[in-house]
Amino acid sequence: MSEAELQQEYEILERSKKDSKAFGELYEKYFDRIFRFVYRQTDDEDLTADLCSQTFLSALKNVERYQFRGVPFSAWLYKIASNEVNKHYRKKKKVKVFSIEEIRVRELMEQANEDWDEELIDRMLTFLKGLPTEMLQVLELRFFEDKDFKEIAFILDITESGAKMRTYRAIDRLRKHFNLHIKYDGKE
Amino acid sequence: MGRNEIRLKRQKISSGRIAKHRNYEQLMELHERQKRIKRTTSLLIYFAIFTILMVLLITIIMMRQWERKETKDKKAVIEYSILHNKT
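Protein chains in written order, with the numbering used here: chain A, 1 to 188; chain B, 1 to 87.
Simulated from the structure, these hints should not be mistaken for lab results.
It should be emphasised that the depicted structure is a prediction, and the values quoted were computed from it without experimental measurement.
Accuracy of the hints is not assured; some may be wrong.
Said to hold, decoys possible - Derived DEER-like restraints, expressed as beta-carbon distance ranges:
hint	chain 1	residue 1	chain 2	residue 2	range
1	A	K92	B	S42	46 to 54 Å
2	A	K129	B	S15	42 to 50 Å
3	B	T51	A	K91	19 to 27 Å
4	A	F68	B	I61	50 to 58 Å
5	A	E11	B	L57	48 to 56 Å
6	B	L57	A	E134	53 to 61 Å
7	A	E64	B	N23	21 to 29 Å
8	A	D50	B	L57	44 to 52 Å
9	B	F50	A	P132	33 to 41 Å
10	A	R15	B	K20	24 to 32 Å
11	A	T159	B	S15	34 to 42 Å
12	B	T40	A	R90	27 to 35 Å
13	B	E5	A	K87	35 to 43 Å
14	A	E11	B	E5	36 to 44 Å
Claimed, not checked - Straight-line Cα separation of at most 25 Å, SDA-like style, residue types lysine to any residue; simulated pairs:
hint	chain 1	residue 1	chain 2	residue 2
15	A	K93	B	K38
16	A	K92	B	R7
17	B	K38	A	F127
18	B	K9	A	E25
19	B	K35	A	E25
Note that the Cβ used here is the ideal one computed from N, Cα and C, for glycine as well.
Sequences are here, hints too, so could you generate the full structure?
Structure (structure tokens):
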């Protein structure tokens, strides 16, 4: 995100603090991204709509207290959304779902220089199933949401070095299993 | 380990389907309703606190009045008995 974009967003936020209608611009801008992020963790459209609604309501309620902390505003929304999802699973005492789009797995597989087949996908799914939630979260944010470590750290409420460490460990496992040629910062 | 369920989605959820759930007006309505509920709840809490304080205040005033009356009565009894004892 460029400096100009950050500045523009900051101005909208300042207006939102006085007039909640101004928040609509940010809602329109980020709704789809937050929806996809939540949907990936629920695999339920109606539940996702509810959790998204809760996320934006919470953001709207607390926008007056929002302070810029070196990460884009979207990171704050992701953090709220992540908390809403965790709250839902805690309340329902259900196993957390991670739904991954085939196209994303395909992208990863192409990086792996391996032939694309169903068996490989199954192997990948089994591998992902074996990963702890913390690692799945960083992988999701790093590779599916294209977040940098600073944002990941902010969203998951961990340190930047902690985010890097988790990603490194997850990628190390991926490398071992799938011959991935990928650097741990996510760039080839 | 293995605490999560991993599902493979053959297709991405379309923007059209997401758009069905995007409704800022509805969100604003919800926000306003929540604000109203919060305001009413705060008012009710303030009113309850005020009522409790008033009841306490009135009780204290009544207790003091009763105590004053009691001491007055006791004094009168003592004075009366002193006067009668003298005679």
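Here is how each hint holds up against the structure:
{"no.": "1", "hint": "A/K92 x B/S42: 46 to 54 Å", "in the structure": "31 Å, violated"}
{"no.": "2", "hint": "A/K129 x B/S15: 42 to 50 Å", "in the structure": "29 Å, violated"}
{"no.": "3", "hint": "B/T51 x A/K91: 19 to 27 Å", "in the structure": "35 Å, violated"}
{"no.": "4", "hint": "A/F68 x B/I61: 50 to 58 Å", "in the structure": "54 Å, holds"}
{"no.": "5", "hint": "A/E11 x B/L57: 48 to 56 Å", "in the structure": "51 Å, holds"}
{"no.": "6", "hint": "B/L57 x A/E134: 53 to 61 Å", "in the structure": "56 Å, holds"}
{"no.": "7", "hint": "A/E64 x B/N23: 21 to 29 Å", "in the structure": "23 Å, holds"}
{"no.": "8", "hint": "A/D50 x B/L57: 44 to 52 Å", "in the structure": "47 Å, holds"}
{"no.": "9", "hint": "B/F50 x A/P132: 33 to 41 Å", "in the structure": "53 Å, violated"}
{"no.": "10", "hint": "A/R15 x B/K20: 24 to 32 Å", "in the structure": "28 Å, holds"}
{"no.": "11", "hint": "A/T159 x B/S15: 34 to 42 Å", "in the structure": "35 Å, holds"}
{"no.": "12", "hint": "B/T40 x A/R90: 27 to 35 Å", "in the structure": "29 Å, holds"}
{"no.": "13", "hint": "B/E5 x A/K87: 35 to 43 Å", "in the structure": "18 Å, violated"}
{"no.": "14", "hint": "A/E11 x B/E5: 36 to 44 Å", "in the structure": "42 Å, holds"}
{"no.": "15", "hint": "A/K93 x B/K38", "in the structure": "29 Å, violated"}
{"no.": "16", "hint": "A/K92 x B/R7", "in the structure": "19 Å, holds"}
{"no.": "17", "hint": "B/K38 x A/F127", "in the structure": "47 Å, violated"}
{"no.": "18", "hint": "B/K9 x A/E25", "in the structure": "30 Å, violated"}
{"no.": "19", "hint": "B/K35 x A/E25", "in the structure": "21 Å, holds"}
Hints 1, 2, 3, 9, 13, 15, 17 and 18, counting from the list given before, are not met by this structure.
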